[in-house]
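No gaps in the numbering here: position 64 of the sequence shown is 64 in this note's numbering, and each next residue is one more.
There could be a bad hint or two in this list.
[Unchecked claim] Estimated spans, in silico, between C-beta atoms of each pair:
hint	residue 1	residue 2	range
1	P195	E68	47 to 57 Å
2	A126	E156	19 to 29 Å
3	A126	N223	26 to 36 Å
4	N33	E68	29 to 39 Å
5	N223	D64	57 to 67 Å
6	D63	I142	23 to 33 Å
7	V69	I142	48 to 58 Å
8	P195	E156	18 to 28 Å
9	R131	N223	42 to 52 Å
10	E68	S245	32 to 42 Å
11	N66	R141	43 to 53 Å
12	S103	R131	52 to 62 Å
I should point out that these hints are in silico values taken from the structure, not numbers from a laboratory. Every residue gets a Cβ at the ideal spot worked out from N, C-alpha and C, and that includes glycine.
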Amino acid sequence: MAQGFNRAQFEAKMRAAQREAERKIKSEVDRINRENQRRVEEHNRKAQQHNQRLLQQSQRRVDDYNREVARVNEHNRRASTHNQQVNARNRASVSELNRQLRSASTGPRYTASEQALADRVQESAARSPDRAWDSFLSYARIDGAEVGARLRAELETLGASVWFDEVAIVPGKSQALQMDKGLRSARCGIALLTPAYLTGRFWTERELGALLHKNTLIPVLHNVTFAEVAEYSGILPDLAGFETSRDSLEVIAEKIAAAILPASDS
């Protein structure tokens with residue numbers, strides 16, 4: 001006789017099959033979770049390594065920048081110390097120049113009219129200590145360029161800064177505006193009076209017109225006389241000035257520098 005259907009045995013097998021299926025699913029889930037965890041940890045490890053490299057690179061850049069800043073600061077400190085020492089020496093030299101030009105028994109010395117001019121310029125220039133230039137040099141290129149360049153060189157050797165068009169003019173910008181700015185930013189004006197200058201050429205006439213309003217105008221006569229200058233303009237300051245026929249450019253530069261540069265207090 002055929003054995004009948006055993007329900008309990010069937011249900012037991014079904015539960016066993018279900019448990020096995022659940023075990024396999026759990027095992028697969030665990031495997032997937034472990035693989036995901038491994039991948040996450042590997043990603044985090046690589047990300048941490050990458051971030052460490054970036055941090056190290058950034059720190060190196062910061063360190064390099066800080067070293068450069070320290071180097072520049074040290075350079076600026078030394079430059080500032082050097083400039084202070086140079087300024088102190090220049091002031092002492094200017095004081096000595098003033099003493100020699102006013103009281104020396106031998107060597108270059110101011111004439112009475114030159115000293116009056118120097119005193120007036122010195123007093124007026126002292127009121128504008130922070131100007132960009134110590135002087136503005138006005139000249140006629142036709143016959144004053146060479147002498148002007150030499151005078152500028154002598155003045156700069158003595159520590160005076162000179163606005164000189166061949167150096168200061170920037171190509172491509174308004175020459176008139178640059179010259180006007182140079183006139184405004186200088187503590188004094190030097191007019192190198194030559195025959196061509198006295199013909200009243202446009203640029204020199206414009207510059208002299210601006211300079212005449214200053215008590216710091218310093219005429220330097222080259223190949224012209226005071227009589228000729230008087231015919232050109234009777235309003236130049238007392239018709240006083242320095243003459244290349246009387247002094248060398250080196251001496252004239254010393255006389256001008258003593259008037260326009262600050263001296264030591266001692």
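Here is what the structure says about each hint:
Here the CB-CB span from P195 to E68 is close to 55 Å, well matched to the stated 47 to 57 Å. Separated by about 21 Å at the C-beta atoms, A126 and E156 satisfy the suggested range of 19 to 29 Å. In this structure, A126 and N223 meet the distance hint of 26 to 36 Å, their C-beta atoms being roughly 32 Å apart. Our hint of 29 to 39 Å for N33 and E68 is violated, since their Cβ atoms are close to 51 Å apart.
At about 60 Å, the beta-carbon gap between N223 and D64 stays in the expected band of 57 to 67 Å. Taken as a hint, the range 23 to 33 Å is violated for the pair D63 and I142, whose Cβ atoms sit roughly 60 Å apart. A hinted range of 48 to 58 Å holds for the C-beta pair V69 and I142, which are about 51 Å apart. At about 26 Å, the beta-carbon gap between P195 and E156 stays in the expected band of 18 to 28 Å.
Separated by about 30 Å at the C-beta atoms, R131 and N223 break the suggested range of 42 to 52 Å. Under the hint 32 to 42 Å, the C-beta atoms of E68 and S245, about 55 Å apart, miss the expected range. Separation of N66 from R141 is about 51 Å and conforms to the stated range, judged on CB atoms against 43 to 53 Å. Judged by the Cβ atoms, the range 52 to 62 Å given for S103 and R131 is violated: they are separated by roughly 29 Å.
In summary, the numbered hints that this structure violates are 4, 6, 9, 10, 12.
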